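Given next are the chains, with one letter for each unit.
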Amino acid sequence: MTTLSDRLRGVIGGGLKVHGGSKEQDPPHVCPDSDAVAEVLDGEWHERSGQRYLVVDRMYVPGYRHGSMALADGLPPSDGMWPRLSLLANGSCGSRLLFIDLETTGIAGGAGTYAFLVGCGWFAGGTFRIRQFFLSSFTAERALLEAVGELGADAGTVVTYNGKSFDVPLIETRFALHRLTSPFGEMPHIDMLHPARRMWRHVQKDVPYNDQQQDAPSSCRLSTLEQQLCGYVRDGDVAGFEIPARYFRYVHAGDPRPLAAVLEHNRLDLLSLALVTARAAQLLEDGPTAARSAREALGMGRLYERGGMMAEAKSSFARAIEFGDADEDLRAEALRAYAMVARRLRQYDDAADAWRRVLGLTECPRPIEREASEALAVHHEHRRRDFVSARDFTLRLLDVDENVTRRQAAEYRLARLDRKLESRAAQPALLF
Amino acid sequence: MRNPSYFFDASPEHALINPDNLHILVDHVKCAAFELPFTTSEEYGRHNLQEVLGVLEEGGFVHRAAGSMDSQRAEGAHEDGVWQWTNESYPADAVSLRSISSDNFVVVDTTHDADVIGETSFNSGPSTLHEKAIYIVEAALYQVEKLDFEGRKAYVRQIDCDYYTDAITYTKVTVLDTFAGGASGSGGSTQQDPPHSCHGEVHVSSRVVGFKKIKFYTNENVGSGELDLPEQEMHTTAYWLTIPREVMAALPYAADDRRDGVVGLSFAMRQVAQLLLMCDRHDIGISIGSGEQGEQPDLTRMGQPVTVSDEPRIFVYDNYPGGVGFSEPLFRMDEELRRRTHDLIAGCECQSGCPTCVGPVGNTGPMAKRVALRILELLHSTPSTALTAGADAAPALSA
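Just so you know, the protein sequences line up as chains A and B, in that order. Take any residue in the first sequence, count from 1 to its spot, add 18: that is its number in the working numbering. Take any residue in the second sequence, count from 1 to its spot, add 3: that is its number in the working numbering.
Bound-form chain B, shown alone:
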């Protein structure tokens, strides 16, 4: 047993939700308004309900009617209007229980007759149903022969093979609004806030650019292919860690190795973040960039940037439109996230990277582990801008 204290000393599990996700909230308000009109003085949730209803009125979904429904009410109620549902549709029909958007892709098996064997949400369609992808249903393997993006259909055929596919997605994150954190952040940062981290609202555009073929059981990479699929966009919330210019400059490594270090660090942070957030790997996304608009990194190596900027940012974003409430708690656990990431990398028995810590060597390069650790150590010793350049003997982090 390697980490008994993780089990025995752990706090009871916490559930993280975001009841104020605008996509979900708007659907809820629509369904509620259909069933019983809201009054013009009613409140619900953290957001301004009246503003939500006002925007719904712009779309013709509701109508603000004067007076009260119940004529027996006192005269005082005359001020109180109601929001009447004024749309033909039955709003609950458009709500999906499995994903935020009710848009989806259906999977059509063409081995014999055309049979629908499954469906996936719109967001995960391109990465799981791109052409040549292996799609697994009830332990049977299917290969995607054609993805009809407009028609939202993927045609698959049963196949016998010994690998699965993993899509390579290039993601670009642009910061829209910083809610908290960051010495230079625009949001209201406080003394207690960690110096290098922020959380806020971001725009994520992602594109599936290729895929890897991974052999079952051994996880060997046995091939790859390129893909050209439409870009998907969403607004969501994110936590991000900025590695200051000074820290990058202080790394005594070549540019390639520095890049590998940042990529490896992001890989390890994802592992720890999903543990801390108690979520699935796919619930969060990782991206490296400057977070600025108009940045166009050169992509070749497995969809990852060839170079990183002078001041790279590692984004851990909620992989759902509107965010589902991971970013703020992750921001609050910033210190634990970094400490555990450090411990994970330092404590891993591998030579120079494996799927448990900074990612397999082939993916991240030979120096990733060492550089990632150095970055974390420098960040720890650099609460602000002051930094002793070229400090080769940086103090080790207390475990």
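The following block holds chain A by itself, in its conformation from the complex:
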């Protein structure tokens, strides 16, 4: 007769044998609360309601260099706030930025995914401070979250990288499971992933691509970004997918050593996040002329546009168009953005000029070519009353557009223009 355990092993199958077999060889169970953890991770124990969790504090001075960028280059103005930072948030944002990055036991989310490391960073008196809360045992989670909550309560804006869809919802879930109120729910939130994508997605193209990084050159991961903006290349960094396994190893066998690199990874992420945010804020501060590439100028224009700063948006797009490094697609996109802003500013001739330049491009994306032809047809028919040119642009539109409804509209326009041209030709005869 087989025992229940044997039958269960058969059911669970697979990798079990490896684990079960090596059980005897595992090092003796080390108590996770032993001081070895604090020593290896270089932190100190904090206690709250009888539960201990580990806190790791670090301070970075202005002279600290992250690649080619010194921390001093990334410090905010003396009042602690870049005036145009709110352009990066959806709406207004307060001062006292709190940078947050979590390391978790998985990416699934939900009740069984824990944030075993809550990394927090902030600027203070010309330095950058990092405080990491490490979940040394699951029972300490409530105490840890309370401590994070207290730190968060002082902040005015939370800054993350992809935190809108991952970090913040996850930590909110942890707070909710303990019936605690999260400080991040109502707080203004800058998720740097989105502005970074706008401005720097293609920056990587002209820089040597590191083979060890598995992501494509067009991706916008934080580690790729810091390489481009700060010239910082991480050495011996932990791959993201490895992180949960290292924590589980600590939980099951009590070995904290592999976690030291995870904490360092988290600190580097926070530093990079702060410097990337600073770079974006400074760019917006310095205005369109500060842009160093077409993509950057275009991204800045979009941010100004969203924030209602139309004049800055227009000159950013103009700068993007003039950049030599722009490829045709990017230039078409910039011209289109320029034309749209010009039209909103009622500078119709500027808009028409941009649309004409779109049509002059050798490799213009079809949808933009269609849009340009239509806009020019409208412009010439209604504003310039140049029916011949309007007719030409309408014909060009019919050349590139395959959408049935839009083609019908264009044919209708063509018929109307023909009528107008006829009546204009007939008018002199009537007069005499």
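For the record, the hints were derived by calculation from the structure and aren't laboratory data. Model, not experiment: these values are computed from the prediction.
Partial chain B-side listing against chain A, Cβ under 7 Å, derived:
hint, residue
1, V58
2, G62
3, H66
4, Q87
5, W88
6, E91
Residues of chain B placed beyond 12 Å of chain A at every Cβ, according to the derived structure:
hint, residue
7, S102
8, I139
9, N222
10, L232
11, A253
The C-beta atom is built at its ideal place from N, Cα and C for all residues, glycine as well.
For chain A, the structure is supplied; the task is to place chain B on it using the hints.
For chain B alone, coordinates are given in the frame of chain A:
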């Protein structure tokens, strides 16, 4: 109307489930542990939950952590540990609502472009998606051109034909553990237990060895083919009927006819069992063998054994890994199963076998009906080992 009493005198229907199927239970425990940690004193279901969690810990799925989650609890709670989920995966992702295993085969239609038109569970893949099988989706017929067993894909092409295919599966059942029944069974048999039947845990290995082509509407057998597919194995639960050596010896028929009788009887028992269990034909499987390890029967005739052992066993097993709760109730209905099988065969108007009773003649041989009935009658009159050899005028079963 042939059996009005079946309808009018029947008891309300019963539902048979097995909430303790280990495969399902383990998945449930994983999903539950993800959502909220179990405590170390918690119980759930018939099995020892703590033992389940212990084995899950061996696999790194959970971790036994000391102390209680809620720090406000009384000091007494300190004894109580919790089982924390310690795996990256989201366990509910791996649970299939349609079958026990989430492993499956996908069916790819290559008639035009490659389109996925369906999927089947891993267990039923070989028998429904072997090469040359006819696969039917929304009344359209497809023929399987290639089965990529490793890649779990079957490539099919639309076809116009007038037959379907039926896989011939050879199944070998080995008894692992007898839960109850059988005069000679190892399990704790009681006075009330039927003398020739048992239920318990079995190992089933099955292999699709060929297929038949069956014509639509007439069900004529219009051809066959051989196949060589990997063996599939599972642990499940089964009911089985042992035909004692004495009964086999007492049958006044040739060896071939005796074999046909056992095969025919198993065919009829399946019909009745699926009625009693209120299940689909595919939910249960039938196999004939001695139930011993190392037995290698000679297979030629449609995947069925050429000979049967001196003391054959007819297995009716749950066709799902871990069992879904059919075997024990079937064991409890043993008498009804045998009586109804007898009535089905005796009451069938066919000459010597048809798909309703012992199976079509071509399948089972001309004497199957008569021999099957004789076996049932001898079993009925043989509560134990005592048996009058060569009793030609065996007492008929009361209907």
